[in-house]
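Please work from the sequences and hints to get the whole structure.
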Amino acid sequence: SQTIHQWPATLVQPVGSPLSLECTVEGTSNPNLYWYRQAAGRGLQLLFYSVGIGQISSEVPQNLSASRPQDRQFILSSKKLLLSDSGFYLCAWNPGAGETQYFGPGTRLLVL
Amino acid sequence: AQSVTQLGSHVSVSEGALVLLRCNYSSSVPPYLFWYVQYPNQGLQLLLKYTSAATLVKGINGFEAEFKKSETSFHLTKPSAHMSDAAEYFCAVSEGGSTLGRLYFGRGTQLTVWP
Numbered sequence: 036s037q038t039i040h041q042w043p044a045t046l047v048q049p050v051g052s053p054l055s056l057e058c059t060v061e062g063t064s065n066p067n068l069y070w071y072r073q074a075a076g077r078g079l080q081l082l083f084y085s086v087g088i089g090q091i092s093s094e095v096p097q098n099l100s101a102s103r104p105q106d107r108q109f110i111l112s113s114k115k116l117l118l119s120d121s122g123f124y125l126c127a128w129n130p131g132a133g134e135t136q137y138f139g140p141g142t143r144l145l146v147l
Numbered sequence: 019a020q021s022v023t024q025l026g027s028h029v030s031v032s033e034g035a036l037v038l039l040r041c042n043y044s045s046s047v048p049p050y051l052f053w054y055v056q057y058p059n060q061g062l063q064l065l066l067k068y069t070s071a072a073t074l075v076k077g078i079n080g081f082e083a084e085f086k087k088s089e090t091s092f093h094l095t096k097p098s099a100h101m102s103d104a105a106e107y108f109c110a111v112s113e114g115g116s117t118l119g120r121l122y123f124g125r126g127t128q129l130t131v132w133p
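Protein sequence lines correspond, in order, to chains A and B. Residue numbering for the first sequence is 36 to 147, as defined by our numbering. Residue numbering for the second sequence is 19 to 133, as defined by our numbering.
Don't read these hints as lab results, they were simulated from the structure. Being a predicted model, the structure only gives us computed values, none of them experimental. All residues carry an ideal CB built from backbone N, CA and C; glycine is no exception. Heads up, some of the hints might be wrong.
Now the in silico label distances, taken between C-beta atoms and shown as ranges [what the hints assert, rightly or not]: (1) S52/A / S32/B: 26 to 32 Å; (2) S102/A / H100/B: 39 to 45 Å; (3) T95/B / N65/A: 35 to 41 Å; (4) A71/B / Q108/A: 32 to 38 Å; (5) S32/B / P104/A: 30 to 36 Å; (6) I88/A / L25/B: 38 to 44 Å; (7) S27/B / E57/A: 30 to 36 Å.
Now the structure itself:
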């Protein structure tokens, strides 16, 4: 069966510090991968998605970036965090178009 | 372009009462439709999915949803609410026929269940 992991579970970082969140999927190959952010009262915002290694599409301009160095690994990064980057970050995957997205447990990020 | 509107950011019901969470969508082609549930500090979990096989879709935990093309709706219902149903619920649409697997989410509905 397939599983999706995210780490860390919780992170507290100062403004201006770098960020690296990792997501890995097991039990499947060539998944579509997604990064979402949930800010309080703002629903789910799609940040990035990837249909293959090295292929990243960005949905909104911001100081975040994403990379997919391996087939089942998706990384969310920032060089300098802002207060507004605080939120709950969710990684998800699906096999392809029209298929259910499966979500990871999330990372709670607090920028102080 | 696809979009989803969830009417009511907060819904409160008594335990044992009917749960009705509303979702309307817009899509230029026949859509795939989803309902997800999120408990505090957890990821989203699939409740049910519509893929054109049947208009009434049954999901986990006693929930079901009916696809009504004429109303562009996909409302979620449960005959009798339990305390454990308290959570946030998200409706999502995926464009049928698209080569991408992305979903478009509504803003969510927080369900509170009173004893």
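Hint says 35 to 41 Å; check whether the CB-CB distance for T95/B and N65/A agrees. 37 Å, holds
Check the following: the C-beta atoms of S102/A and H100/B are separated by a distance inside 39 to 45 Å. 42 Å, holds
Do the Cβ positions of I88/A and L25/B conform to the proposed distance bound of 38 to 44 Å? Given about 41 Å between the Cβ atoms, the range holds.
Note whether the CB distance of A71/B and Q108/A lies within 32 to 38 Å or breaks it. 34 Å, holds
Taking the Cβ atom of S27/B and the Cβ atom of E57/A, is their distance within the range 30 to 36 Å? 32 Å Cβ-Cβ, so the 30 to 36 Å window holds.
Is the distance from the Cβ of S52/A to the Cβ of S32/B consistent with 26 to 32 Å? Hint violated: Cβ distance 47 Å, outside 26 to 32 Å.
Look at the Cβ atoms of S32/B and P104/A and judge whether their distance stays inside 30 to 36 Å. 51 Å, violated
The earlier numbered hints that this structure contradicts are 1, 5.
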